[in-house]
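From first to last, the protein sequence lines stand for chains A and B. With the numbering used here as the guide, the letters of the first sequence map in order to residues 1 to 371. With the numbering used here as the guide, the letters of the second sequence map in order to residues 1001 to 1410.
Derived from the structure by calculation, the hints contain no laboratory data. Treat the hints with care, as some may be off.
[To be verified] Only some residues are given here: those of chain B computed to face chain A with a beta carbon under 7 Å:
1) L1069
2) G1070
3) R1170
4) A1263
5) L1267
6) G1374
[Unchecked claim] If you want the footprint, here are the derived chain B segments under chain A, 3+ residues with CB under 8 Å:
7) 1071 to 1084
8) 1155 to 1169
[Stated by the list, open to error] Label-pair distances were calculated between CB atoms; the ranges are:
9) B:Q1303 / A:D164: 30 to 40 Å
10) B:V1377 / A:N65: 22 to 32 Å
11) B:F1053 / A:E126: 16 to 26 Å
12) A:T168 / B:F1159: 34 to 44 Å
13) A:S169 / B:I1211: 55 to 65 Å
14) A:P348 / B:K1167: 22 to 32 Å
15) A:N301 / B:L1154: 57 to 67 Å
16) B:F1159 / A:P162: 19 to 29 Å
Quantities reported herein were computed from a predicted structural model and do not represent experimental measurements. The C-beta atom is built at its ideal place from N, Cα and C for all residues, glycine as well.
Now for the letters of each chain:
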Amino acid sequence: MNRTASSIALLVALALVGAACAPAPAATPVQIVVTAPPGTPQVQVQVAQAPGFGETLAAVQARGNLICGVNGQLPGFSFLDPNGDMLGFDADFCRAVAAAVFGDATKVEFRPLTTQERFTALQTGEIDILMRNTTWSLVRDTELGLNFVGTTFYDGQGILVPADSGFTSLSDLEGGTICVQKGTTTELNLADQMAVNGVTYTPATFDDVNQTYGAYAEGRCDAATSDKSQLSSVAKGVLPDPDAHVIMDVTLSKEPLGPVVRHGDDQWFDIVKWTVFATFAAEDYGVDSANVDDQLATATNPEIRRLLGAEGDLGPKLGLTTDFAFNIIKLVGNYEEIYNRSLGEGTPTFIPRGLNSLWTDGGLLYSPPFR
Amino acid sequence: MVRAQPCPDHLLSLNSAHATRAPGGRAIPLWRDVRVLRLFGQIVFLAGVVAVFVYLGRNMLAAMQRQGLGLGFSFIRLTAGFDIGEYLIEYSRSSTYLRAFEVGLLNTALVSVLGIILATAIGVLVGVARLSRNALVQFLARAYIEFLRNIPLLVLLIFWYTGVFLKLPRVNQAIVGPGGLLISNRGVNVPWGNPTGSLPSYLAILGLGLILALLVAFWCHALANRTGRAPLTWLWAPMAFLAVATIGWIGLPVAPLTLQAPALQGLRVVGGKQLTPEFMALLSGLAMYTSAFIADVVRAGLQSVPKGQVEAAKAVGLKDAQVLRLVVFPQALRVIIPPLTGHYLNLTKNSSLAVAIGYPDLFSVSGTILNQSGRAVEVIAVVMAVYLLISLLTSLLMNWYNRRIRLIER
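Construct the complete structure from the given sequences, taking the supplied hints into account.
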């Protein structure tokens, strides 16, 4: 009895020790001191920021490069070329963020991700930013703990069918099998639209681009569905006979594609957002990588001067240098150059700009003022 | 055994299991008492393990809270919103996530059960063939085992799917087999029976037939006990059942099942039962892969039976097939069953590779749920728990059977 009592006493002591070990307290709020320009009475204002503010930028700068989650299998958006470089529209936007943060567009590490793992990779901090032709939706914006920075590519969902099948509308696919990727808004939209139109079908879901379109090419499915940009890129870049396939003239949904960051770090959110806006503004003002040096030296338009950092201090307000936009435009280009490099007329993955033009050209690209 | 006399005190302490007092009558101090030390050691170890888990759990919760994510299972009641390619129970895009889970679970269970049965059948055949005296048969069995054991299962599945089943002709040029069997790269469509109104009565007749078969079996055994001849239950009982079934089918005014041949209608094959290429590729790949391992286990079991048994059986006059069936196999089972359990569990868990070829098993469907609902931690926890449960059930069953057949040594 004595032994048992003593042992129990030891056990209780251990439990108390274990309970006493508390987790580390949450990070203390960052305090920012704002000093007014010289000539005005010195006022020190302390602004408390939410925990998490500034974390990502500090981590990226400490690490020395930006880790960017991309698709890796989508020609035109992110695709490995024979030299081992990641090329594409999304890849270039990653480089733009790196140029803004480091002044060096090569300081990016690309991580190819499947649809299954892309959100978990961002949530857990494995990647700093997700540029993976991801559709903006409410559930993703809230429940997943992620923030959609904006839209870099306005797209819609379409259906790819063989050219000789003669399908022109959804009801032509009655009873058919449709290849789709798992865990995408495409899957959900397809189910919705087929239910609304009363068309019965069978889905064949696969994990990644190669499997999905490989099965479609073999005839396992009558059609494949995804964002029209992806269908176009795949038809031209991945399928064996590009001319044998056609995208039906049906749009099942809106698919605004853009970069994604984590909840909780407003500074990083602003940085990525204004990087994207810098590319829009540059095209708006006619600044591109060829004339940006010239513009920096000789431009008189105050908008351009503020954008390129010739006057004002817009960059430091984001936690970056004053020439962040200059670096973006010089090292990567404005939106038009980025677009034309990967999806322009001379490329194999040509997609007409459509809604992805400036607001002055009838499109939806609109940057708030740089001031 | 009769105990002579109680152990004298001064000798008790030499056996630490009985020691309560040191020689001389004093109690052993706590810090030297082996029993206390052992208990203390276990408590410390347990505390360490618990501390590690608590730390990891707290870390996860803190990180999730920072992100604004929560933990909870209420998302299970939400609408799934996506369709699943094949389902054994009723499912549509307006079903709940819970329903989708169940569909995935049933798909996994189907593939696992059928895979286990197939793998065992093929494995036993190949294992016995491996020991055949016919050189060609033995060579073929050896080649089969060596080849399949040495390729990764994922490679085999992908090859089987993309290289064999997807390369079948397209559905509008399908191979037509007897009775309307259609083979294409959309799957194999077999003619299937359609139930009519008289099916319930037919099922009742089948029930009666089953009871009759059991009665016949008992009667055969009773007869065998009385006369000493072989009971031949395996012949008479099924024949009784078949007789009742046939008489019932013919006797009913409307046949209970009408055969429906599959036919291509537009884009879809209507009628019959469809086996998708994903299902067939997964089933055949898993069965073949595991059968190679089972074949070797069976061979090892057969070779573990002492040669004397075989010689004695032959001396008594049993034929080769009878020796194998009546003498060698029952003894070999004791060696075969434990590793066989392990291979069954492997097959069940390997079925999660279905995600690579598009078969909607539990892991594949849960991946979609994870992505659409954003609840990574809960979904993965549920999937792990389900696989653990399936594995524990399987090993429970096998261990029960193992206990039944093992050698009780006196």
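Verification of the hints:
1. With its C-beta approaching chain A no nearer than about 5 Å, L1069 of chain B sits inside the 7 Å limit, and its interface hint holds.
2. Annotation: interface hint on G1070 of chain B violated; nearest CB of chain A at approximately 9 Å, more than 7 Å.
3. The interface hint given for R1170 of chain B holds, since its Cβ lies 4 Å from the closest Cβ of chain A, which is under the 7 Å cut-off.
4. The criterion of a C-beta within 7 Å of any C-beta in chain A is not met by A1263 of chain B, whose closest approach is roughly 12 Å, and the hint is violated.
5. Checking L1267 of chain B against chain A by beta carbon gives a least distance of about 4 Å; that is within 7 Å, so the hint holds.
6. Because the smallest distance between the Cβ of G1374 of chain B and any Cβ of chain A comes to about 4 Å, under 7 Å, the interface hint for this residue holds.
7. Only residues whose C-beta sits within less than 8 Å of a C-beta in chain A count toward coverage, and the stretch 1071 to 1084 of chain B has 4 of them, enough to reach three; the restraint holds.
8. Interface restraint, the stretch 1155 to 1169 of chain B with chain A: holds (3 residues with C-beta to C-beta distance below 8 Å; minimum three).
9. Remark: the range hint 30 to 40 Å for Q1303 of chain B to D164 of chain A is contradicted by a beta-carbon distance near 60 Å.
10. The hint said 22 to 32 Å for the Cβ distance between V1377 of chain B and N65 of chain A, and at roughly 29 Å that hint holds.
11. Between F1053 of chain B and E126 of chain A, the C-beta spacing of about 23 Å keeps the proposed range 16 to 26 Å intact.
12. The supplied range of 34 to 44 Å is met by T168 of chain A and F1159 of chain B, whose beta-carbon atoms lie about 37 Å from each other.
13. Checked against the hint of 55 to 65 Å, the C-beta distance between S169 of chain A and I1211 of chain B comes to roughly 57 Å, which is consistent with it.
14. Restraint check, P348 of chain A to K1167 of chain B: a C-beta distance of roughly 28 Å satisfies the suggested window 22 to 32 Å.
15. A hinted range of 57 to 67 Å for the beta carbons of N301 of chain A and L1154 of chain B is consistent with their spacing of about 59 Å.
16. In this structure the supplied range 19 to 29 Å holds for F1159 of chain B paired with P162 of chain A, their Cβ-Cβ distance being about 26 Å.
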